[in-house]
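Protein sequences appear in the order of chains A and B. Under this note's numbering, residue 334 is the last one in the first sequence; the count climbs by one each step, no gaps. Under this note's numbering, residue 365 is the last one in the second sequence; the count climbs by one each step, no gaps.
Hints listed in this document are in silico derivations from the structure and should not be mistaken for laboratory results. Misleading hints may appear alongside valid ones.
[Claimed, not checked] In silico lysine-lysine, DSBU-like type, Cα no more than 35 Å apart, as pairs:
#1 A:Lys45 <-> B:Lys354
#2 A:Lys18 <-> B:Lys354
#3 B:Lys118 <-> A:Lys119
#4 B:Lys118 <-> A:Lys238
Keep in mind that this is a model prediction, so the values were computed, not measured.
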Amino acid sequence: MNAQSPRFSFTSDTVTLKKPDHSKESHFKVYKGAYTSIHQTLDKKAILGNYAQNNGELYFIPILPFQKNNRYTVVYENEVYPFTIDLDASYKHLQITEVYPNSDTLPSNFLKWYIQFSKPISPSKIYDHISLINNSDNTTVDRALLPLETPLLSDDGTLLTLWIEPGRQKRDLGPNERLGEVLIPGESYTLIIDEHLKDRQGISMKMNFKHSFSVSDPDRKKPSITSWKLQLPLANTKDPIILQYQEQLDYGSLQNTLQIVDTSGNRIKGKFIIAANQKNIYFTPLNNWNKNTYTLKCKPIIEDLSGNNLERLFDQDITAKRTPPILELSFSIE
Amino acid sequence: MRKILFTIVLGVLCTPLFANTSLTDGFNIGNPEIGSINAMTFGPESILFIGDSQGAQVVAIDLSTAPTATNEKLNIPDVELLLSELLGADSDQLQIVDMVVNPANQNIYIGAQHSSGKSFLFLVNNNSLEMVPLQSVSYSNTAVSNAIATEAKDRRGRPLRKWAISDIKYANGQVMVSGLSNAEFASTFRSIPFPFTQKQEESSLEIYHAAHGQYETASPIKAFTTTQINNEPHLIASYTCTPLVVFPLSELKSGAHTKGRTVAELGNWNTPLDIIEMEKEGARYILMANTNRALMKIKVADIESFGNSLTTRVAERADTAGVDFINLPFVNVQQLDKLNATEFVFIQREASGKLALKTSSNRWL
């Protein structure tokens with residue numbers, strides 16, 4: 001924090017005025033920007049906030065905390081005092097901790113990434129900081145990602161879903177026919193999230209994030225759970241059952257879409273951990289496994305990386321015959 | 001944006017019977033605890049509906065006692081600068097989420113979001129913005145839960161699946177909400193009876209897009225409005241991928257596998273942001289603000305006479321296909337609403353880079 005004035009003191013959410021003249025409370029204002037005279041503030045709007053008083057001091061509490069490393073000016077009667085709230089030197093900058101999928105090869109009709117951040121990110125203007133580069137000529141792929149005014153962020157603000165422009169991934173739609181698919185088999189690309197992407201305190205990441213991958217042929221097959229391998233725990237333990245799948249599956253679609261039931265159909269309480277990049281799902285029961293038969297039940301909306309789910313293809317050929325999906329796997333614990 | 005046509009018709013029919021009742025009768029004074037303002041629309045009786053993705057709710061707020069703003073010579077040349085000064089934050093930390101007009105008094109409201117995730121409601125008054133406090137208001141709300149049971153939670157106990165509200169409208173006693181899931185490319189469109197009840201009466205439907213009779217895909221609706229087409233109430237919607245489809249409202253039944261009738265593809269990689277309806281000399285027009293195209297005008301009569309292009313390939317005309325539309329000389333319009341019978345209000349990114357709030361008369365119709 002910068003030097004405090006004898007009359008004012010500052011924290012990130014309060015400006016304190018010492019010895020105020022209470023008849024002039026309305027003269028106590030804070031502006032965004034650094035100014036040296038009242039004249040410079042005349043055509044500016046003061047920051048919205050609330051006033052409070054205690055022990056003969058008057059407080060201004062801005063509606064939002066002051067942004068770190070940003071210039072502000074407090075004005076009271078004929079006093080004008082610019083100030084800055086410095087960023088703590090130990091501040092942990094925003095980082096990307098995981099990308100789902102992190103495969104180095106993706107099908108050309110690949111649909112979406114999930115980007116896991118170390119802390120909540122700013123929901124404003126996210127897409128300005130994300131681009132897809134074709135590595136062969138180092139050019140940005142035009143109209144590759146779906147920009148949304150409301151970005152798809154998890155409630156805690158740390159998991160961002162990033163869609164490849166879906167109109168270009170759907171066969172026979174105008175954007176697909178005219179612009180073609182975003183990803184071309186045989187080419188390689190880099191997803192870049194630039195360092196200017198900010199967290200909720202308005203502080204940028206410190207480094208660009210890059211994730212390179214190459215592109216294979218499109219995936220136009222439904223995923224199936226029949227190829228899943230189960231690594232079974234022993235009875236009378238709380239060891240996890242490990243579900244190992246062969247084809248990469250969509251991380252988001254595995255959330256809340258699995259359950260394990262006993263022979264009476266009662267749901268087994270416990271916790272699923274989705275290690276999507278390892279193609280493993282762990283389920284740890286709350287209580288011991290019994291020597292018994294259990295059934296894994298899956299919702300049909302579990303998808304592969306191309307939006308094909310257990311029940312239908314992403315772009316379903318409605319003239320083709322449909323087969324009902326297999327949604328259950330039984331297993332016995334010994 | 002606000003379509004209250006059906007309500008007005010119903011209202012006229014019902015007035016003698018329900019003269020002493022109001023849609024706000026069950027409202028309570030308090031804090032609706034709005035987590036985020038994602039989409040807004042006005043219903044009748046100055047009721048503002050707010051789609052709140054963070055709070056997974058739709059909130060109805062009674063703004064009938066709000067003073068009428070002074071909006072003569074309406075023009076805010078730099079809305080971002082104004083917001084930045086008022087909130088003390090850099091403009092890249094702020095985003096205008098929606099702008100709506102109360103048809104009862106032409107008050108213009110702007111929803112803005114800060115990078116912290118906090119949302120704010122402002123009233124446009126005297127070419128400035130006044131904050132509308134939402135801590136103590138007359139309101140009613142209803143939960144819009146995730147379509148999927150939320151068992152898996154993050155480490156702080158919050159669900160990882162998320163349903164992000166993309167648009168909201170009120171018509172015919174129903175609040176209609178479209179949204180996108182962060183997990184699957186499914187379409188979720190909900191219709192919730194209003195006034196809200198404690199019972200979960202919302203109907204949720206799957207909407208598909210069919211291409212040329214062979215392929216179909218789930219298609220989230222991004223922006224929509226309601227209107228009368230051939231004297232039947234219809235939804236005019238834009239998908240995230242292919243703009244402009246119409247559905248009869250009568251087909252929107254819970255659990256139904258519904259396909260929209262494509263009436264126009266409006267060019268590559270273009271998504272309508274806001275869709276409104278204006279009238280001039282007895283003819284009705286749809287106006288659309290778009291992500292990558294100019295403001296477009298379509299005659300409702302052309303949609304009515306377009307016939308059955310439901311799933312068949314539409315003949316291509318230049319870059320686009322379907323009903324005729326006219327590009328109006330307004331580019332980069334990000335927010336659009338009907339101000340009154342003859343004017344619309346819009347927020348436009350100008351060539352200078354500034355985001356300006358302006359109005360236009362219906363001479364363009």
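Verification of the hints:
Among the hinted pairs, Lys45 of chain A with Lys354 of chain B is consistent with the structure: their alpha-carbon atoms are about 17 Å apart, no more than 35 Å. For the given pair, Lys18 of chain A sits about 39 Å from Lys354 of chain B by alpha-carbon distance, which is inconsistent with the 35 Å threshold. In summary, the hint linking Lys118 of chain B to Lys119 of chain A is supported, as the alpha carbons are separated by about 16 Å, within the 35 Å threshold. Restraint check for Lys118 of chain B and Lys238 of chain A: not satisfied, since their Cα atoms lie roughly 42 Å apart, outside the 35 Å limit.
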